[in-house]
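A.B. asks: Protein sequences appear in the order of chains A and B. Letter by letter, the first sequence follows residues 1 to 336 of our numbering. Letter by letter, the second sequence follows residues 1001 to 1259 of our numbering.
The set of hints was computed from the structure by calculation and includes no laboratory data. One or more of the hints may lead you astray.
[Claimed, not checked] With a straight-line Cα cutoff of 35 Å, these simulated DSBU-like cross-link-like pairs (lysine-lysine) come out:
(1) B:K1156 x B:K1233
(2) A:K6 x B:K1053
(3) A:K240 x B:K1053
(4) B:K1065 x A:K150
(5) A:K150 x A:K46
(6) A:K240 x A:K277
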Amino acid sequence: MNKSIKRNKVIILSLVIILIILILISFAIGKYPIEPNQVFGILFSKITNIDKFWTDSMETIFFNVRLPRIILACLVGGCLAAAGSSYQCIFLNPMAAPDILGASSGAAFGAALAIYLYKSGRQVTISAFLFSLITVFLVYMISQRTKGNKVLGLILSGIMISSLFSSATSFIKLVADPNDQLPAITYWLMGSLSGTKAADVKFAIIPMTIGLVPLLCISWQVNILTVGEDEARTMGINTKLIRFITIICATLLTSASVAVSGMIGWVGLVIPHLSRKLIGNNFVYLLPTSIIFGASFLLLVDNVSRNLWTSEIPIGILTSFIGVPFFIYLITRRED
Amino acid sequence: MVLEVKDLTYSYRNIKVLDKVSFAVKNSELLCILGPNGAGKSTMFKCILQLLKGYKGEILLDNKKLKEYKIQELARIVAYIPQSHNPVFSYSVTEMVLMGTASQNSPLSKPTKSQINIVEESLEKIGISYLKDRSFVNLSGGERQLVLIARALAQKAKILVMDEPTSDLDYGNQIRVLNTVKELTKEGYTIIQSTHNPDQAFLYADKVLALYNHKVLSFGTPKYIINSGLIKKLYNVDVELNSLYDDKIRICIPKSAII
């Protein structure tokens, strides 16, 4: 036991170190490169007095362009992975993803509607967030009225409400102005972190914190849910309450992520899966591992997305292009 | 300590699944429930475990209704040992047994050192400490059943409810699991288990409850109530009862096998 706890802590610590290195690299690279010593200089200049050996434009790029984008990539990647691993425990299904209860299709509809009505701006994010929550709320209410297995009821109503909102999104695309609104909707649906502002970070960080903290607190109880409803209850777990809290938190994480970044699929399904392989199924360790792993992965992909080509490729497209080969390698690799 | 079930009645969509079932079981007793499939054994277990709450009648522990206990308190009174199953997500044996201790700590906290000590004691008591780092899904059916028993011990409950604990096990594992369970009754545990094998009731049970058609057919010591007439009624098989070792043990032999 002690040995495995130590091993898990080493894994999590190594992932944190990898993430920190990735963050520092992300500050340095870009269309306007900043030298590594300048990155440290700008960072520490906020704490102590350092003679300036970088330009003003470097500092502007550092704080106004790269910093919010790096923070948001980490937040969105971590939260989507956390939501995915939570839903997997609740639904006893390793294939569950953050969009299982319709959070993504609700957000897509909200964003499309706002682009259709207001063109662009703050309303898109807010509308995406609200519609995402409304969708999951609808799904949950319907599932409470289904007969028999409640978990199955949740999944089924999730599928139904998702497809309803997808159709509604398609309808908006049909009636939207093909010259400016339609491309804007399409681009939003692809998912992107380009043009991230500090306001986006401020918008997302509150629901994300409200979602993450309770999950981290009840992570041991969530484990016990996965051995089965009856068994968990006889072990003294209030299964209904734990499931409800987990769904609310995971939904907040998903809705906030999708609202600020658009549809970034894949991270929420595969990062939890890889984390399970890395650290096992104990949610106490799985949750932080998923968060850090997801943050690193999305930051890495975002770096590729903004540096590899002259025009940026939406990150929602790239996650699978980079992730799938990696995933195939991992699941086909012989375990020695 | 006495667990008393009085006139337990449970209906599912107006169909009675349990009809006025009454019995009592004391500490250090092993109660075997005999009855054909669909007689209401599992439903009765779910009522005792308070997983089904809409029952009529009373389930009392030392004259206090089990319904009145909070879910966390109840976990320290009755533990459930299901048939060994295949969980979706695999945990180590230690993690699996550790789950049993959840009711001893606040819902917001992580397992503590003292809980891990309880796990180690429980594993040692069942004699499976060597399995502690193994993955639960890689164990044999018998080993899994023993781990689930260890989990019930870690839960600190004194009444253990076992739903057909030996149904999926090979002969050797059946005997090992039943011996372990029998040892526990000597330490004061109360065991309530269902079985399909009347010979097991003869070998291990202190009391037998025969359920037929949702009602109690008979209740008492095995030698007193198990006879060829009861087996014929419960399972529609003609058996001959044989007595061995000066009537220390009795066994059922199907008549069709003798001819």
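A.B. asks: Would you mind marking each hint as holding or not holding in the structure?
C.D. replies: Cross-check of the supplied hints:
1. B:K1156 x B:K1233: violated (38 Å)
2. A:K6 x B:K1053: Violated, because 43 Å separates the two Cα atoms, which is more than 35 Å.
3. A:K240 x B:K1053: Within the cut-off at roughly 15 Å; holds.
4. B:K1065 x A:K150: Roughly 28 Å separates the two Cα atoms, so the pair holds.
5. A:K150 x A:K46: Since the Cα atoms of A:K150 and A:K46 sit roughly 53 Å apart, the hinted pair is violated (cutoff 35 Å).
6. A:K240 x A:K277: Roughly 28 Å between the alpha carbons, so the hint for A:K240 and A:K277 holds.
Comparing the model with each numbered hint stated earlier shows that hints 1, 2, 5 do not hold.
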